[in-house]
Amino acid sequence: MNILVTGILLSGTYALIALGLTMQYGVARIMNLGNGETLVAACFVAFWLYTGLAINPLIGLVIIAPAAFVINWGIYAVALRPLVNRAKNRGQLEVDSILATFGLLFLLQGLMIVGFGGEYHSYTFLAERFEIFGNSYGLNRVVAFAAAVLIFVALWLFLYRTRQGTALRAVAVDPDAANLVAIDVARTAAFAFALGGALTACGGALLSTFYTFNASMGVVFTMKALIIVIMGGVGDVRGAVLAALILGVSETLVASLIDPGLTLAATYTLFILVLLFRPQGIFGRAPT
Amino acid sequence: MNGITRDEIRGLAIGAVLVALAAALPLLDKGFYLSISVNIMLYAALCTAWALFSGPTHYVSLATAAFYGLGTYSVGLGIDILPFPLLLAIAAAAGAVLAGLVGAATLRISGVYFVIFTFGLAELVRQVVTWTQTKLATAMGLYVFTDFTESHIYWMLLALAAAVFLTGWAINRSRLGFAMQIIGNDETVARHVGIDTARSKILLFMISGAFIAVAGAIMAPRYSYIEPPAAFNPMISFLVVIMALLGGTKRLWGPLVGVIPFTIVMDIISSQFPNHTSIVMGLAFLTIVYFIPNGVTGLIEQGRERWRRRVVVVGEEKTA
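Chains as they are written, first to last, in the working numbering: chain A, 667 to 954; chain B, 5 to 324.
Hints are computed from structural coordinates only; laboratory data are not their basis. Beta carbons: idealized from backbone N, C-alpha and C, even for Gly. It is possible that some hints are incorrect.
Chain B stretches covered by chain A per the calculated footprint, using a threshold of three residues with CB under 8 angstroms from any CB of chain A [said to hold, decoys possible]: (1) 81-94; (2) 115-125; (3) 301-310.
Only some residues are given here: those of chain A computed to face chain B with a beta carbon under 10 angstroms [claimed, not checked]: (4) 761; (5) 776; (6) 784; (7) 785; (8) 826; (9) 828; (10) 911; (11) 912; (12) 915; (13) 919; (14) 921; (15) 923.
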């Protein structure tokens, strides 16, 4: 029970990060391998806001999310749109965007290492006990989970209740057909990429309240987000949330029952199983 | 198999002369230049082996560090009980088996899955090795004591690089190479003319993985103490991708053009500004994508093509 709750609390943050990536890959068709760096950058900003200006990380979200949105829109417009325009087919865009975002990954990571050094950072925020079913957990984890759920509900309402959200889903399904029904695909893609960046940054800010982070850990989180996105089915919001739950719980299971050194191996085993049996994702239909 | 053309004989002769010249290097210097030449030779072998698979298929493999580490560990574990040449063979077999498994799991589906899978593979193998070592052995690392000098390692790497080149040349002439050409151009067409595309790709990936593992095995004596973070260093995977793409993967010798300057640059950067290596790698990736998507050899060929066209135009004007 203890393990299950810890896993679920962890998966809230994972879901946010994976939702960010699924927006970027599912809608904007950019496999953003620098996603984890957005997360780490948000961790550092939250850290700086809290220790420097004494701004509560939850209020910090109000600053971090819009900033990440604007910056990611800029990255898309400057660095990625030329690749989209140049690509002759989907495969070419995939290879190009993977290489370009690798470039971004290393560049951002390098800048952060120069700026903050390689040490681990953390700060104390709401480090109090909180009881669920007779066991106690860190209040910061519970609050981070609740915030993640709130953001997820807002995203859900946006995607399924607004015109812009519907356009986003349409582009995810078929960009050509979306174009035919007068959706500005290029603008929607940029919007999705920026939104994805903002979601990931929220994930990072929440993560920083209970997690020790350093400048070079982004890659591991990119890995996890990628695996969640593929497990859930590319562009599928429900799938991403469910996959994040599965991943969070199984990681916690392996870490507490077998060995904390094997969490990535656990993640990977799941990934291999998905690739072998359901490459289209949990809710996806097999290609005909 | 077709007869060998005159061009090919000339290419082989030039290659043999270059190998002989390169082999003479340790006789001239045993210090800094030999040491950096070992790195150049290592990356020459790694990048060419990488491009054997990734060149024609356009699949970006990030598994290099996994194969390399596997090779290093094969030597580390067996050096006290088995002769070195046998360990090289074991490393090759281990690399091929791992590549076969990875290929079977991912090469039937689209390219992105392959990139993501190989992206974390080295990290996964490293975690498993670290875990088994802490459970089964008391020490974290392994000692590798041999009589090999830097010159020996250099010569072995040179021989390996030559072997990779010969293999690449033989593949290009074989049915497998022809199949890969068609797959590279259009996979649907390849499938329709009856090529087992997955099998061809897996086979090629296995050859490439085996060579990379042997490179790791040859390098093992140079470390003398092997630890998982050094053997499965993910940096190796990324450097190989950068160097190979920088040089260009359309020609067998393309990666070499990227390896030599980039190894020297990275050597300077990592000794003078160790904190800035990531930034340099990031900029290198971006430069390749935006400015030289076909590599330096692609640029050279483009330039040569343009020059040839201009000569033809000028010639036509004269005759008109």
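Now for the hints, and whether the structure bears them out:
Counting residues of the segment 81-94 of chain B whose C-beta lies closer than 8 angstroms to any C-beta of chain A gives 0; at least three are required, and the coverage claim is violated. Counting residues of the segment 115-125 of chain B whose beta carbon lies closer than 8 angstroms to any beta carbon of chain A gives 8, which reaches the threshold of three, so the coverage claim holds. Counting residues of the segment 301-310 of chain B whose CB lies closer than 8 angstroms to any CB of chain A gives 0, so the stated coverage by that chain is violated, three being the minimum. For residue 761 of chain A, the shortest C-beta to C-beta distance to chain B is roughly 6 angstroms, which falls under 10 angstroms, so the interface hint holds.
Annotation: interface hint on residue 776 of chain A holds; nearest CB of chain B at approximately 3 angstroms, less than 10 angstroms. Taken as an interface hint, residue 784 of chain A checks out: its beta carbon lies about 8 angstroms from the nearest beta carbon of chain B, inside 10 angstroms. Here the hint on residue 785 of chain A is broken, as its CB sits about 13 angstroms from the closest CB of chain B, past 10 angstroms. Hint status for residue 826 of chain A relative to chain B: violated, with the closest Cβ pair at about 27 angstroms, above 10 angstroms.
With 10 angstroms as the threshold, the beta carbon of residue 828 of chain A stays out of range of chain B, its nearest partner Cβ sitting at about 29 angstroms, so the hint is violated. The beta carbon of residue 911 of chain A comes no nearer than 20 angstroms to any beta carbon in chain B, farther than 10 angstroms, and the hint placing it at the interface is violated. Because the closest C-beta pair between residue 912 of chain A and chain B is about 17 angstroms apart, greater than 10 angstroms, the hint is violated. Interface restraint check: residue 915 of chain A against chain B, minimum CB-CB distance 19 angstroms, threshold 10 angstroms, status violated.
Against a cut-off of 10 angstroms between C-beta atoms, the interface hint on residue 919 of chain A is violated, since the closest Cβ of chain B lies about 16 angstroms away. Residue-level restraint check for residue 921 of chain A is violated (minimum Cβ-Cβ distance to chain B is 12 angstroms; threshold 10 angstroms). For residue 923 of chain A, the shortest C-beta to C-beta distance to chain B is roughly 14 angstroms, which exceeds 10 angstroms, and the interface hint is violated.
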